[in-house]
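Peer 1: If you want the building blocks of each chain, they are given just below.
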Amino acid sequence: MEVLTIKQYEKTGILSLKDLTLPNDEQLKKGVAIIECVQEIPCDPCVAVCPVNAISMKDINDIPKIDFNKCTGCKRCVGICPGLAIFVIKIRDDNALVTLPYEFLPIPKVGDNITALDRAGKPRGNAKIVKVNRSNKTTVVTIEIEKDLAMEVRSILLD
Amino acid sequence: MTVDNVPNVRTCITPLEENIRVLEQDRVGELSNKKKFNRKRKKIDVDIVIVGSGPAGMMAAITAAKQGVPSILLVDENHLIGGQLVKQSHKFFGSEEEKAGTRGIDLAVELMEQVNSVKTIQSMLKTTIIGCYNGKKNHKLIAIKRLIEGDQLIEINSKSVIFACGAMENMLAFPGNDLPGVYGAGGVQTLMNVYGVKPGKKVLMVGAGNVGLIVSYQLLQAGVNVDRVVEILPKIGGYNVHAAKLRRCGVPIYTSHSIKEVYGNGKVEGAILVAINNSFKPIPGTEQKVSCDTVCIAVGLTPSIRLLEQIGAKTEFIAEAGGHVAIHDSSMQTSVKGVYVAGDSSGIEEASTAMIEGQLAGISAATLLGYDKQADMLKKKYRKALEGFRSGPFGIKPKICKEKIACCWNGGINY
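For the protein sequence lines, the chains are A and B, in the order given. To convert, note that position 3 of the first sequence is 2 in numbering that gives the first Met the number 0; the numbers rise steadily by one, no gaps. To convert, note that position 145 of the second sequence is 144 in numbering that gives the first Met the number 0; the numbers rise steadily by one, no gaps.
Hints may contain errors.
Stated by the list, open to error - Residues on chain B that point at chain A, a partial pick, calculated with CB under 7 Å:
(1) 95
(2) 99
(3) 100
(4) 137
(5) 141
(6) 233
(7) 234
(8) 235
(9) 244
(10) 387
(11) 390
(12) 392
(13) 396
None of these hints come from the bench; they were simulated from the model. Backbone N, C-alpha and C define an ideal beta-carbon position, used for all residues, glycine too.
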């Protein structure tokens, strides 16, 4: 008989890096999307929106797979994902850019100082907003943070 | 509640008017003689009547109209067309074809416009069906339309009926569950997203299924503090992506926890939570107090089937459906010829599948009346889409539900 085990994220709602498919350093320098969608749910808009066909699924319930070599980091998937589960990470020489979906008011502005939050909502220092786009009422925000936090920070709190 | 001396009024769907008198009602209501009811029946004859204008009902109407059915009546007790869709401010999951990535409210507006632009569909809002009968030639539905000058009694004679009545929220039994401030999640959504009213300042959410998770997030978006989400099961039932959204906003989710009681003087002032063991029993000594002014219950739904039962459709209890449901075939027809069911009334599922079931029911009802434009091909397409939605791990419950319904249809429960 199959043993029923409950995964840690099913208890907490928080994914760990072990649960995710991650790009290599080279790909991170280029800037790529990281899809934090690990369950087979019937949903596929990210596949259709990708202009370079970097995201693929066998059927509607499949977990989206991303080809980091094809991905250009264009951020379209960040705005379309109904689960707000896609982020674009770009590692630069002295800092990192994290692009995340944001659905709260007021709409953040470029230059705003924010508190960066991790997957558990814990404050991880201050950051600055460097880019803001709107896509179907989802605000796509890019923040500039320390390199070490690029894989941790997934939300923002406006000061 | 009693409104202007009329008992048994659902105040949640009754608009406020000047000098309106709303009173609590704690006993069986008695009709006052003063209220003028227009007891003269207004008679309406239609080809298809659809009860409920949610995603299933709207799609059924649009689809039947496309098949060429000349007169379709869409009835809803609310003052807005769209059912639960109008409250959904989040983007929908699903496939491109089923409008994935579109917000429920935007989808509602889109479908509303389609319904309103089709001349063969007439929609009748603020109208409650109070009885339905299966006649020899026609099905007869008795309705009450709420009008400013008094209620109008209406008799609808229809060749075919599609019930897309949705579902009702489940409640939990615990001391204090009748205190003002204890809400169903759907009620909270109506207050916030339809009426623009914050339900409270600090909310305790009970239930970590998709509804509990989504409504918690919507509360945060409305500027309401969500203290935590508690879930009696050892794991989160909703999608991880919804849970992750809440967690990164700092809202904790307590699995294997439940609500023991709510306390407060005349209103909710707080709740007592308790940890739950593997046998679903509370663990003594683990009680903790949470101060809050709102408790929101999101512990599942029960299909609304009372009208289906009244018209004589065969029903069965199917746990995976959320309760009793009308047994139906793969064209959504019930055991009564010409009576169809679609959406949550045929088993609790998602808006996306409700829309497809509505399309199936609409096509089937049209075919029965002799309107057929590639009906078989379309039915195949819709059935395939449903199969797709029900093939993943989150589709297991509806899949089993529909398999059991098929078993019942084929002669009884043998599973």
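Peer 1: Determine for every hint whether it applies to the structure shown.
Peer 2: We went through each hint and held it up to the structure:
1. Annotation: residue 95(B) was flagged as interfacial toward chain A, and the flag holds, the nearest CB pair being 5 Å apart, inside 7 Å.
2. With a cut of 7 Å, the hint placing residue 99(B) at the interface with chain A holds, because the nearest CB-to-CB distance is about 5 Å.
3. Residue-level restraint check for residue 100(B) holds (minimum Cβ-Cβ distance to chain A is 4 Å; threshold 7 Å).
4. Against a cut-off of 7 Å between C-beta atoms, the interface hint on residue 137(B) is violated, since the closest Cβ of chain A lies about 39 Å away.
5. Look at residue 141(B): its Cβ only gets to about 39 Å from chain A, farther than 7 Å, so that hint breaks.
6. Given the 7 Å rule on beta carbons, the hint for residue 233(B) holds: about 6 Å separates it from the nearest Cβ of chain A.
7. Below 7 Å, beta-carbon pairs count as interface contacts, and residue 234(B) has one with chain A at about 4 Å; its hint therefore holds.
8. A cut of 7 Å between beta carbons decides the hint on residue 235(B): the least distance to chain A is about 6 Å, and the hint holds.
9. Given hint, residue 244(B) at the interface with chain A, holds; its Cβ is 6 Å from that chain's nearest Cβ, closer than 7 Å.
10. Against a cut-off of 7 Å between C-beta atoms, the interface hint on residue 387(B) holds, since the closest Cβ of chain A lies about 5 Å away.
11. Annotation: residue 390(B) was flagged as interfacial toward chain A, and the flag holds, the nearest CB pair being 6 Å apart, inside 7 Å.
12. Contact between residue 392(B) and chain A, as hinted, is supported at the beta carbon level, the nearest pair being about 5 Å apart and thus within 7 Å.
13. A cut of 7 Å between beta carbons decides the hint on residue 396(B): the least distance to chain A is about 13 Å, and the hint is violated.
Taken one by one, the earlier hints fail for this structure at numbers 4, 5, 13, listed in ascending order.
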